[in-house]
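Enquirer: This is what each chain is made of:
Number of protein chains: 2
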Amino acid sequence: MSGADWVARHGLIRFCEGVEKGRSLFENELRKLSIPVMDVFLEDGRFVPAGFEFSGERLVESESVSGVRRVFPNLYPAIGSKVLKASGFGRPFVVGKRVAVMFSGGPAAGGHNVLVGLKMALGVDNTLLGVRDGPKGLLAGRLFEIGESDIVRIINTGGFAFMGTDRTKIKTDDQFERVKVVCRDQRIDSLVVVGGDDSNTNAAVLAEYLFQNVHADGRGVQVLGVPKTIDGDLQVGDLLPISFGFDTATKIYSELVGNILQDTLSSRKYWHFVKLMGRSATQVGLEVALQTRPTVAFISEEISERRFSLSQIVDIICRAVARRAARGMNYGVVLVPEGLIEFIPEMKTLISELNEFIASSSKLLLDLNTMAEKKEFIYEKISADSAKLMASLPDEFEKMLLLDRDSHGNLQVSQIPTEKLLIEMVSVRLHEMKADPDLFIGQREDQIDLTPEEVERFLESKFSTNSHFFGYEGRCGTPTRFDAAYTFNLGLLVGSLALTGKTGYLVAINALNRGGQALAIPLTGLIHVEHRYGKDEFVIEKALVKMDSPAFKFFIGSREHWATEDCSASPGPRQLWGPVSSQLPMLIALNHGYTSLDFDMGKERKILPG
Amino acid sequence: MSGADWVARHGLIRFCEGVEKGRSLFENELRKLSIPVMDVFLEDGRFVPAGFEFSGERLVESESVSGVRRVFPNLYPAIGSKVLKASGFGRPFVVGKRVAVMFSGGPAAGGHNVLVGLKMALGVDNTLLGVRDGPKGLLAGRLFEIGESDIVRIINTGGFAFMGTDRTKIKTDDQFERVKVVCRDQRIDSLVVVGGDDSNTNAAVLAEYLFQNVHADGRGVQVLGVPKTIDGDLQVGDLLPISFGFDTATKIYSELVGNILQDTLSSRKYWHFVKLMGRSATQVGLEVALQTRPTVAFISEEISERRFSLSQIVDIICRAVARRAARGMNYGVVLVPEGLIEFIPEMKTLISELNEFIASSSKLLLDLNTMAEKKEFIYEKISADSAKLMASLPDEFEKMLLLDRDSHGNLQVSQIPTEKLLIEMVSVRLHEMKADPDLFIGQREDQIDLTPEEVERFLESKFSTNSHFFGYEGRCGTPTRFDAAYTFNLGLLVGSLALTGKTGYLVAINALNRGGQALAIPLTGLIHVEHRYGKDEFVIEKALVKMDSPAFKFFIGSREHWATEDCSASPGPRQLWGPVSSQLPMLIALNHGYTSLDFDMGKERKILPG
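Residue numbers (this note's numbering), protein chains in the order written: chain A, 1 to 610; chain B, 1 to 610.
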């Protein structure tokens with residue numbers, strides 16, 4: 001190697017070394033990306049905190065309002081059900097305030113930009129503190145000051161790595177007291193909780209607990225929430241169209257599903273069963289279906305509402321497989337929501353019967369040695385329908401139902417590989433169909449109508465499968481421009497609220513197609529109180545897919561056609577630059593009556609100097 | 001809903017309908033993307049076919065050259081070992097030529113642009129035919145004309161969907177004869193095979209077979225190869241730095257691995273074991289490691305060369321887990337190449353002993369009913385070392401080794417979930433380490449040196465895992481700009497070769513950092529002939545990761561540090577626009593002494609009018 005070559009190579013090696021720790025070319029350019037900023041946070045080209053006024057909207061009082069009043073004796077009277085909106089009037093001029101921010105629950109793309117926006121809103125005259133490792137870290141008092149250099153490093157990047165997160169739920173008196181002591185010791189004025197429905201419920205309870213008398217002078221600590229969750233099930237009507245992280249996660253999954261659909265069309269020999277993260281709502285599954293047009297997609301909410309049985313679900317897939325095989329198309333993609341099993345009414349019944357029975361008879365069960373004995377014993381105790389359903393499951397899944405239990409004896413439903421269960425049951429059913437085609441093929445409504453030639457093709461067809469689970473891949477990717485902008489503006493918004501002294505609000509931005517409107521929604525208006533087993537349970541209702549929503553209607557109007565033809569499309573890998581970098585999730589645009597997918601949250605601004 | 005709202009919504013619904021069949025906003029813009037085109041294919045701003053001249057380079061004759069001469073009696077004397085280069089002189093002016101193009105083997109990103117370039121090179125005076133469904137379709141004569149409107153639709157898109165592909169190997173006399181008949185019937189002058197090492201070996205054999213006397217006038221059919229494979233193991237020294245599809249696949253996997261690394265840093269409680277596609281070489285695994293800096297990554301070639309045992313591999317992971325746990329880091333990412341198992345010498349021995357024994361004793365085995373009996377029977381027949389190794393495997397894997405057999409009685413190695421095998425063995429080993437820490441912790445070289453406090457932290461640590469297999473996600477994604485440009489230019493190149501009447505060449509482009517140099521490599525110079533079991537076997541040697549290559553050296557020089565610190569980086573989602581859309585794979589740049597990652601294949605051109 002010549003001297004010049006050596007230097008050249010050495011230069012590249014040094015460059016490659018420098019890539020470490022988030023310093024790839026991509027990540028370096030990403031930090032320079034301009035972001036749209038809403039007018040309300042700008043004055044003379046500088047970022048400034050907004051003031052707040054009544055938006056004119058009130059949340060509808062829930063039926064449990066009396067419970068809410070009881071549980072939130074300070075907070076409810078203070079904030080009630082009035083929705084506020086950010087405004088250029090009454091901007092706060094505050095100095096010396098100390099605001100702590102904490103991630104709570106699973107990570108989602110954009111969390112870092114919440115911190116960036118928050119820091120910008122607080123400016124140099126106030127202090128931003130970060131909480132390490134979520135609620136667990138808060139209880140341990142693990143706070144640190146977030147400086148300008150941190151902001152420079154984390155802007156526009158994915159994940160929650162900068163502070164970490166965890167799932168500890170703050171619920172005991174002792175824990176509340178610990179939080180109070182930490183806030184007092186660290187002189188915290190406001191606590192911002194970045195989380196989903198559970199974390200924001202917790203934020204409301206904290207807001208009540210810390211309402212007053214935290215500090216020596218009688219002041220309390222404000223608690224404010226920022227709506228995060230890739231599941232997309234934290235929505236409040238037209239006020240909060242979506243939580244952050246959903247757009248990035250669904251675009252990541254959509255690219256992957258789009259790639260796999262393209263693969264099925266290229267190699268033409270596989271059925272891919274793709275499970276998508278999200279145990280409760282199927283907002284993720286619906287958005288991915290709208291973006292990619294898979295062969296078959298299940299929406300848990302529909303399964304529950306129409307009371308589908310497991311056998312019917314298997315049948316839907318088998319019909320698609322058979323009809324396509326009849327036309328020489330031995331491939332396809334089936335989208336399976338992670339929580340499907342729990343939405344099938346008969347499975348829900350079976351699981352709860354098993355949970356109840358196993359919890360009460362675990363000792364008796366232990367005495368039985370073989371699986372056969374255990375099964376026999378259990379079959380007698382559960383209802384006839386449940387026993388029949390259980391017997392219809394493949395052996396290994398039957399075993400899972402009996403054995404995969406957590407420390408409370410409950411089934412760990414999330415551990416059940418639903419995609420594999422369906423593959424196995426579909427295989428068996430197809431085998432039966434081929435063994436006795438006359439039963440399944442014909443002109444009755446429950447039959448498939450095929451020509452003799454098509455029947456022949458179906459009988460000769462193979463059913464080769466692959467399965468996937470996409471989850472962790474989507475939580476910490478680089479945020480889309482939408483999530484980057486949305487979270488930066490949410491950060492400015494929650495920082496503004498902190499400076500104005502408000503407490504107990506969840507921040508939100510709506511009108512995403514026309515400049516955005518920054519809102520503060522009273523958490524007490526979102527919480528339902530249920531008195532169960534002698535104690536109050538608080539919940540923010542999860543936003544499930546609605547059967548009458550435009551997005552769902554579009555889906556059901558199209559799916560027949562997706563099942564028979566090849567309709568796949570893809571939003572592609574997320575683009576941060578160029579002509580297709582600013583699209584909203586389709587279901588938001590459809591459900592909120594927007595006229596296009598483009599979002600508009602104000603003009604693009606360079607966020608950091610230099 | 002108001003009338004205006006209805007129209008607005010209806011407009012969006014119509015838009016959403018229109019997305020179907022590859023018509024997303026992204027896909028529509030993608031088709032307009034400009035692509036770099038090499039100067040040699042341009043004249044007066046138009047795309048024109050190049051001429052060819054001797055490049056001055058010859059391939060080194062393989063030791064089996066006498067075998068090559070025997071097997072290729074026509075082809076070898078005609079093309080020998082001289083490498084040609086494309087040139088602006090001697091451009092062909094040909095009309096009426098009919099060129100057929102076929103995909104062969106697994107799909108890879110960029111295949112469609114090969115067709116686009118090929119069509120451009122042939123121009124309006126010649127005909128381009130596509131073969132449906134790969135070699136199987138060729139045998140069935142399933143050809144169709146590729147028109148201008150097809151090109152408009154497929155340009156820059158991923159996958160092989162436009163024509164399909166398959167893995168049929170054309171090897172029997174009858175098959176060769178069928179190809180000859182199809183070529184004669186369809187008046188084919190040239191056949192372009194887009195494939196990996198196997199397909200190009202097949203292309204050479206076809207080139208020989210079709211060398212002459214295919215058509216009534218005595219003319220033969222030219223056969224030309226285009227280097228495709230996501231595995232990246234089709235490389236020819238400095239002449240062919242890489243096959244197409246590798247860049248896209250590795251960037252897709254790298255984004256996913258980068259996201260998961262970010263997730264480990266955010267939620268801080270999981271070890272993710274990621275298996276990456278590619279059974280032979282670990283070029284994919286090495287590139288992904290260079291791009292993302294995982295905690296632990298295995299390179300099969302090193303495992304084989306340094307004769308690592310399975311136990312040593314488990315030990316490497318356990319040391320990383322323990323050392324990190326000692327510092328409170330209960331998370332990490334382990335990259336596992338798909339073919340790892342087959343590269344572990346002792347596993348290779350065990351598998352071949354089992355294959356041999358099971359093939360010869362399958363009837364005896366059938367008579368044995370229980371697993372225990374089968375195992376006992378087999379343990380006596382295999383070597384002591386193999387029996388010991390087998391006994392060390394978790395039960396279910398032991399069972400797989402005995403039962404998961406193809407129709408020839410061979411183990412289906414690709415079915416073994418190596419990532420899960422490692423998770424299970426690491427769990428067991430960690431358990432042993434915790435049960436008897438003094439054995440593992442201390443100052444001997446085979447021990448881990450920890451402070452008492454660190455030991456405590458390790459003993460209390462949890463080892464929670466997830467596993468992933470990334471494969472199909474990466475084959476059919478939208479090509480990176482590099483793959484889009486590389487394949488378009490390869491298409492122009494192979495079209496030029498077709499028009500100049502050459503046969504038996506593999507096209508290649510090198511000097512990827514300085515405008516590109518278009519080459520034609522004689523396939524006969526790449527093929528090794530091995531006389532085995534009384535017949536000739538032809539192979540193009542797979543390009544494995546070399547222990548003395550700069551990329552591998554960079555990897556081994558860094559990995560210790562990756563294992564202990566958090567070093568993750570990510571190339572991000574593939575960008576088609578903007579400042580980071582033109583990077584080569586790191587291992588190409590490192591191994592070929594380039595001074596940066598930017599590629600240069602000429603100036604960007606608009607490919608299609610309008």
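Because the hints were derived from the structure by calculation, they are not lab data.
Each hint should be verified, as a subset may be incorrect.
The list cannot tell twin chains apart, which means a pair is met if one copy fits it or any two copies do.
[Stated by the list, open to error] Pairs of lysine-lysine residues, derived as BS3-like cross-links and limited to a Cα-Cα distance of at most 25 Å, are as follows:
id: 1; residue 1: K169; residue 2: K542
id: 2; residue 1: K169; residue 2: K462
id: 3; residue 1: K553; residue 2: K21
id: 4; residue 1: K85; residue 2: K136
id: 5; residue 1: K420; residue 2: K97
id: 6; residue 1: K180; residue 2: K169
id: 7; residue 1: K535; residue 2: K32
id: 8; residue 1: K546; residue 2: K434
id: 9; residue 1: K388; residue 2: K399
id: 10; residue 1: K348; residue 2: K603
id: 11; residue 1: K21; residue 2: K603
id: 12; residue 1: K85; residue 2: K388
id: 13; residue 1: K434; residue 2: K169
id: 14; residue 1: K171; residue 2: K348
Enquirer: Now look at each hint and say whether the structure bears it out.
Expert: These are the hints, each one checked on the structure:
no., hint, in the structure
1, K169 x K542, "within (18 Å within a copy, 54 Å between copies)"
2, K169 x K462, "between (49 Å within a copy, 20 Å between copies)"
3, K553 x K21, "between (45 Å within a copy, 20 Å between copies)"
4, K85 x K136, "neither (32 Å within a copy, 65 Å between copies)"
5, K420 x K97, "neither (53 Å within a copy, 51 Å between copies)"
6, K180 x K169, "within (15 Å within a copy, 72 Å between copies)"
7, K535 x K32, "neither (51 Å within a copy, 62 Å between copies)"
8, K546 x K434, "neither (37 Å within a copy, 51 Å between copies)"
9, K388 x K399, "within (15 Å within a copy, 31 Å between copies)"
10, K348 x K603, "neither (49 Å within a copy, 61 Å between copies)"
11, K21 x K603, "neither (31 Å within a copy, 33 Å between copies)"
12, K85 x K388, "neither (55 Å within a copy, 71 Å between copies)"
13, K434 x K169, "neither (52 Å within a copy, 30 Å between copies)"
14, K171 x K348, "neither (28 Å within a copy, 55 Å between copies)"
Hints 4, 5, 7, 8, 10, 11, 12, 13 and 14 from the list above are not met by this structure, while the remaining hints are.
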